[in-house]
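Q: Here is what each chain is made of, one letter per residue.
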Amino acid sequence: MSEKVLMKGNEAFAEAVIRGGVRFYFGYPITPQSEIPEFMSRELPKRGGRFLQAESELGAINMAYGCGAAGGCGFISSSSPGIALMQEGMSFLCGAEVPVTLLNVSRGGPGIGSIQPGQADYNQVTRGGGNGDYRIPVFAPASIQEAVDILYEAPAIADKYRNPVMVLADGLMGQMMEPVVLPEPKEALTSATIPAAKPWAISGSEKGERSVVKSLRLQPEVLEAHVEHLYEKYAEMEQELERVECEGLEDAEVVFVAFGTMARLAREAMELLEAQGIKAGLIRPISLWPYPYSAFDKLSGKTKAVISVELSMGQMLQDIKLGVRGRVPVKLIHRVGGMLPTSLEVVEKTKKILEEVR
Amino acid sequence: MKPVFTVTKGMLPVSTSYCPGCTHGVAHRIIMETLDEMGLLGKTLGVAPIGCSVVAHQFMNVDMCEAAHGRAPAVASGIRRVHPEKVVFTYQGDGDLASIGMGEIVHAAARGEKFSTFFINNGIYGMTGGQMAPTTLIGQRSTTCVDGRTREQAGMPLKICELLATLDGPVYIERVALNSPAHIRAAKKAVRKAFEYQLSGKGFTFVEMLSICPTNWGLTPAKAMDWLEENMMAYYPLGVYKDLGKEAE
Chain A
1 MSEKVLMKGN EAFAEAVIRG GVRFYFGYPI TPQSEIPEFM SRELPKRGGR FLQAESELGA
61 INMAYGCGAA GGCGFISSSS PGIALMQEGM SFLCGAEVPV TLLNVSRGGP GIGSIQPGQA
121 DYNQVTRGGG NGDYRIPVFA PASIQEAVDI LYEAPAIADK YRNPVMVLAD GLMGQMMEPV
181 VLPEPKEALT SATIPAAKPW AISGSEKGER SVVKSLRLQP EVLEAHVEHL YEKYAEMEQE
241 LERVECEGLE DAEVVFVAFG TMARLAREAM ELLEAQGIKA GLIRPISLWP YPYSAFDKLS
301 GKTKAVISVE LSMGQMLQDI KLGVRGRVPV KLIHRVGGML PTSLEVVEKT KKILEEVR
Chain B
1001 MKPVFTVTKG MLPVSTSYCP GCTHGVAHRI IMETLDEMGL LGKTLGVAPI GCSVVAHQFM
1061 NVDMCEAAHG RAPAVASGIR RVHPEKVVFT YQGDGDLASI GMGEIVHAAA RGEKFSTFFI
1121 NNGIYGMTGG QMAPTTLIGQ RSTTCVDGRT REQAGMPLKI CELLATLDGP VYIERVALNS
1181 PAHIRAAKKA VRKAFEYQLS GKGFTFVEML SICPTNWGLT PAKAMDWLEE NMMAYYPLGV
1241 YKDLGKEAE
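Just so you know, the sequences run in chain order A and B. Counting from 1, one number per residue, gives the positions in the first sequence under the numbering used here. Counting from 1001, one number per residue, gives the positions in the second sequence under the numbering used here.
Only chain A is shown next, with the shape it has when bound in the complex (with noise of 0.2 angstroms):
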């Protein structure tokens, strides 16, 4: 096991992709992510990779399209609205069924809005605003740590799926620091043991046989059996992918729902509303999509209200009523424009809601 090494989460994050076997990274600057891009150019030619800075977002997205239609294992990074520019790419490489890790480092929207945090990308991450019907796995890890393990392990699950998989961190995970262990180096795919490891990929038709990578169907019945087709994966994905973590849910009177940063300023206003005799507990969704809905049938009786507490303006409430189903209210605490809530001001509303639901 490796030591704890003190790491800034931009920095970490782009670690850990390489050691999860990314050997090619296309970007374009974008606050608050752009030490990603900087680490990159330093580190990945050290390591048998390459770096090439992108001359926009869309052509960022299409580089690791190219890279992983070759076989490559790609990486691209962004924030908010460079990835809405990337939405193009998103919905032909799920057509095309082309692997790629990205990872969002969100700030506030909409439009430029700010280079403050955000996670008023939870409509754009988790519904995509790509065409067609597609969907993308989208993990939102709550420490560094957390980023360092899913980053590490997102490019083996993009692979395993041919699909791209998303890590959403807001800008507050990328600009702070905290000791992280990181994993040990996968060992990477080269242009010689592409061809055997990935047979589908263009690598040269003298590997055996002719492989096309491409979106287009023009036939409807071929288009209609390839979407079943990639239905029957993201139901796969479904059952494979789901992750959350539950804390005192058993005799919680309010649970809040958090994922990101904001779930750990939800666990401190659960301690301090312990302290005055209220028992809080939290749903924590790890995985965005799949969205854990199961985890709201182990809401116990007690509990009076639910509680999403997000830097949106609730773009999250409506998957957790899906999981809700109308047993007790839902209700919002949440702040935008790169302000945060403090946990103190956290448990005010919290009291005003339990007032309001009792």
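Keep in mind the hints are simulated off the structure, nothing from the lab. No experiment lies behind these values; they were computed from the predicted model shown. Don't take every hint at face value.
Below 20 angstroms or equal to it, Euclidean Cα-Cα: the simulated SDA-like pairs (lysine to any residue) are [said to hold, decoys possible]: (1) Lys207/A with Lys1223/B; (2) Lys1043/B with Ser205/A; (3) Lys1043/B with Ala192/A; (4) Lys304/A with Gly337/A.
Quick partial rundown of chain B residues pointing at chain A, CB under 8 angstroms, derived from the structure [said to hold, decoys possible]: (5) Thr1044; (6) Leu1238; (7) Asp1243.
Residues of chain A placed beyond 10 angstroms of chain B at every Cβ, according to the derived structure [claimed, not checked]: (8) Gly21; (9) Arg47; (10) Gly113; (11) Lys160; (12) Arg210.
Ideal Cβ placement from N, Cα and C applies to all residues, glycine included.
For chain A, the structure is supplied; the task is to place chain B on it using the hints.
A: Only chain B this time, still in chain A's reference frame:
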């Protein structure tokens, strides 16, 4: 008996879906024949664009992928990073390359990406049914300029070879035409040079092929060939716009 002609293994033994008289078939064949003659079919990775030739991978007997509209040069840049030893090309039409994909082609050229781009310029959007392209000539009719393109309404057509030749990244840029046996023979030589330069690691190579679209031009193939000669070649002169490989020799 000695065979005087054999079909290239570079083309799959199927009929193309292109309209009668379309020069995509000619362009496909000279590119694939060249790769076959150079012994490169098994080592080549091609990128098909959006447009009529999105289905090029159904006819070209090499590993291929499709690219989103205009993005082929970015896709090829990604492919090139993974397989530095292979031959990589993009095949793009004028709407794909000169309109929606202008950013990608300019930056790939400026980076001196080591792949070859074959640019099919027929001055019109074929697949969507004959709309004005960035290369539609002044006075030329299309479904979005039915009385002919005007400078006032739509600005001037783009000259891509001339534009890319201002960059320091490309090593070879030539404009050829596919409207006569002599021009097609010259075009094939340009294709070969592009691949040879790519193989020797010289840098980005670009061949524009003036092409016809009889269906959307509303002309017979023979008249379309003449129209290309009289009108397109006047605005888009054939020739070598850059050849740093030659200068280096």
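Q: Look at each hint and say if it fits the structure.
A: These are the hints, each one checked on the structure:
A C-alpha spacing of about 44 angstroms is found between Lys207/A and Lys1223/B, which places the hinted pair above 20 angstroms, so the restraint is violated. Using a Cα cut-off of 20 angstroms, the hinted pair Lys1043/B and Ser205/A holds, with the two alpha carbons roughly 7 angstroms apart. About 13 angstroms separates the Cα atoms of Lys1043/B and Ala192/A, which keeps this hinted pair within 20 angstroms; it holds. Our distance criterion of 20 angstroms between C-alpha atoms is broken by Lys304/A and Gly337/A, whose separation comes to about 30 angstroms.
Restraint check, Thr1044/B versus chain A: the minimum CB separation of about 7 angstroms is within 8 angstroms; hint holds. Interface restraint check: Leu1238/B against chain A, minimum CB-CB distance 30 angstroms, threshold 8 angstroms, status violated. Taken as an interface hint, Asp1243/B does not check out: its beta carbon lies about 26 angstroms from the nearest beta carbon of chain A, beyond 8 angstroms. With 10 angstroms as the threshold on Cβ separation, the claim that Gly21/A sits away from chain B holds: the shortest Cβ distance comes to roughly 13 angstroms.
Remark: the non-interface label on Arg47/A is consistent with the geometry, its nearest Cβ contact in chain B lying 14 angstroms away (cut-off 10 angstroms). Every CB of chain B is more than 10 angstroms from the CB of Gly113/A (nearest about 23 angstroms), matching its label as outside the interface. The claim that Lys160/A is not at the interface with chain B holds, since no C-beta of that chain comes within 10 angstroms of its own (minimum 19 angstroms). Taking the minimum C-beta to C-beta distance to chain B, about 6 angstroms, the non-interface status of Arg210/A is violated against the 10 angstroms cut.
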